[in-house]
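Student: Top line first, the protein sequences correspond to chains A and E. Just so you know, we're using numbering that gives the first Met the number 0 here: the first sequence kicks off at 0 and counts up by one. Just so you know, we're using numbering that gives the first Met the number 0 here: the second sequence kicks off at 0 and counts up by one.
These are calculated hints, taken from the structure and not from any lab test. Glycine included, each C-beta is placed from N, C-alpha and C at the ideal position. Keep in mind that a hint or two might mislead.
Said to hold, decoys possible - Dumping the calculated DSS-like pairs for lysine-lysine here, alpha-carbon to alpha-carbon at most 27 Å:
1) Lys155(A) - Lys92(E)
2) Lys243(E) - Lys169(E)
3) Lys254(E) - Lys33(E)
4) Lys407(A) - Lys377(A)
5) Lys93(E) - Lys155(A)
6) Lys254(E) - Lys42(E)
Said to hold, decoys possible - These stretches of chain A come out as covered by chain E in the derived footprint (C-beta under 8 Å, 3 or more residues):
7) 67–77
8) 159–172
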Amino acid sequence: MSRTLLTGNGAAAWGARLAQIEYLPAFPITPQTEIIETISAWIDRGDMACRMVTMDSEHSMITAAGAAAATGVRTFTATSSQGLLYGMEMLYAVAGWRVPLVLVNVSRALAAPVTLEPDHNDVLAARDSGFLQIHCATCQEVVDTMLLAYRLSEDKRVRLPVIVNLDGYYLSFTREPVELPTLDIASRFLPAPTIRTDQIQASQPTSQGIAVLGGSQYSYFRYEQHLAALASLSVYEELGREYGELTGRFYSALELYQSEDADTVFVMIGSFATKAKEAVDRLREIDLKVGLVRLCLVRPFPAAELAAALAGKKGVAVIDQNLSMGQGGILFHELTSVLYNRPDRPRVITSYVGGLGGRDISLEDFRGIAEETAQAAKNGHAPPPRLLYTAAELTQMRGLQEIAKTQKNSRGHTL
Amino acid sequence: MSPLNKNTPPLGQHHLLAGGTPACAGCGGLENIKIIYDILGPKTIFVNAAGCMTLLSVYPFTPFPGSWLYTSMASAPAGAQGVRDALDILLAKKRIPADEDLQVVVLTGDGAAGGMGLSATSGAMDRNLDFIYLCYDNEGYGNTGYQFSAATPHGAKTTTSIMGNPGYKKDLFAIWAAHRPAYVATICGAEPHDLARKVAKLKNIKGPKMLIALAPCPTNWHFEPSATIQIGKLAVQSGHWPLKEYENGRVTHTKIPKPSDERPQVEEYLCRQGRFSHLFTPQRNETVLAEIQAKVDRYWQEVNDHYAG
């Protein structure tokens, strides 16, 4: 099998191409833009039969994408960060339309302050929208997940749009060797789009997204959506196996790395989990029995799978690359809530927030987390949630603040 | 300028749009939709923006024998883009036959059209989208109880301008025409022949076809529902609501009111509406009334000068 070097963005574009997308409403934003540039060039060179239209905003882009999907074409779109939030209203709407659609989000931390580097506050802001969420850790996963996402989204048991998430910079602009499925293999798994019985056309008048009167009817449609999202978990497992049989690459709701015999387990999502894997290997060399559980699916939340993977562990450290102000790490709270009623729950679950705005999580960070969690498991007391930040970083920040102060004062004198 | 000619389609008593909708009695917006829908036919999808007409389709009922897609307040033209592009793709790939095609119509109020919807509308015109855009202009945020919008005329009382709107109506016609779309027109349900002629004409035009319909609103303008047509006619006859169209870079007025000393004064239009009652009682506000009249007179003077020149 030949492998080719691709960035995460290149992998997403290839995934869209192999999925034989027909329509791409687009709007540029860093770090996503390379995806639409790549596809645009393919269309212009005649390598790909797809209609691309540049919209006036992400809000319009997601509207056009949902409307086209409702009308029956295989549709793709992509954004990041501010763009995802600008289109947020339409994420909820399109999910309510129950149409198949795949949206790639290239994670980038949210303003203010403004930055281009990643964390997960953007994509987690969409966690209640009704879009399913699949989080990738490698460029290979990005290509494969695109095909899985379309199958999942178009499955009659699901009929929900899907966000495929990859981290800005760490994946979007990082080249990794990727094995591209041939179009033949890809279309054996995901056949070319055909007519759908629920698409809008003249002989099939449809009212989509209409009003209801009263909470009871509203609840019915919302519960239906929730039940479909829950049901999508087993559909994803089924598809992950089917894809594995075709390509040798199997996918599942969770990735387990050295977690089975581990005393302490890191729980993470996204590309920073590859740093955790490296840390697991290093820390095992110094006899810390650590492992990693990575959530590939965030919506639906793989509650039973997580409970099984973490059953009887001494310590679990949740490392959140996001921050809910006044609450803490989002993943930590989601995980503890599903484990609380389990008799075999881990002895302690600790919470760490790190990697905000692309801040590195170093081997030393992982070591500190593992040791503190192991110690907490021993004495039965979880430490308060930690915000990862070193003394050296603070010293550097103080230096910048001094410069800012000097600038402000000197400006004041000259005016 | 005769309203009846061979291009005017016949207007029926029975409408494609079913009766008994949740719209208010005497809704001027609905009057426009009924006539337009009759001309376009059921192979039409209405892509709706949040506004009064959102409540036309309430589960499990719809007055439309054709399709309906509710989007959001800001992005209905983008929804139209998605539907149009998808239909074109399906037709090109022969996944659907030609008779499955749909006419795509954006349905939006003035609040969305002149405010948050303007970006998506501008974009659709930039891209030369083949669609019809219908703004039912009831001159305020009607569905939320009538707060002033960018389309509210000067002096009108709304729930957020109880002393009368200090602002002036935004000129959407000019803003749209500046994009040089295929077609722009103002219409009014009280002038059905003018309306029908324009819609019959735009049916055969490719590209963005933009309509602003005056939608007299008994509920918020405060007049009896039975007076909707009378109010609409007075709006046109007094010159307050010019009927016009834009095509190929030219603006043409399709119904020119009588000269200023012969046509109804604007206050005949205003005094029938509760939203202007503070201009008449307890005492007449001569300043504002004169200002409104002068603005209308100046408009038509400029039109006359233009045609004369």
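Student: Hint by hint, say whether it matches the structure.
Tutor: Each hint, compared with the structure:
1. Taking the CA atoms of Lys155(A) and Lys92(E), the gap is near 24 Å; set against the 27 Å cutoff, the hint holds.
2. Between Lys243(E) and Lys169(E), the direct Cα distance comes to roughly 16 Å. Compliance with the 27 Å bound is thereby established for this hinted pair.
3. For the given pair, Lys254(E) sits about 22 Å from Lys33(E) by alpha-carbon distance, which is consistent with the 27 Å threshold.
4. For the proposed pair Lys407(A) and Lys377(A), the alpha carbon gap of about 51 Å is over 27 Å, so the pair is violated.
5. With a C-alpha separation of about 24 Å, the suggested pair Lys93(E) and Lys155(A) falls inside the 27 Å cut-off, and the hint holds.
6. Among the hinted pairs, Lys254(E) with Lys42(E) is inconsistent with the structure: their alpha-carbon atoms are about 31 Å apart, more than 27 Å.
7. For the stretch 67–77 of chain A, the stated coverage by chain E holds: 7 residues have a C-beta nearer than 8 Å to a C-beta of that chain, and at least 3 were required.
8. With 0 residues having a beta carbon nearer than 8 Å to a beta carbon of chain E, the stretch 159–172 of chain A misses the requirement of three or more and the stated coverage is violated.
The structure shown violates the earlier hints numbered 4, 6 and 8.
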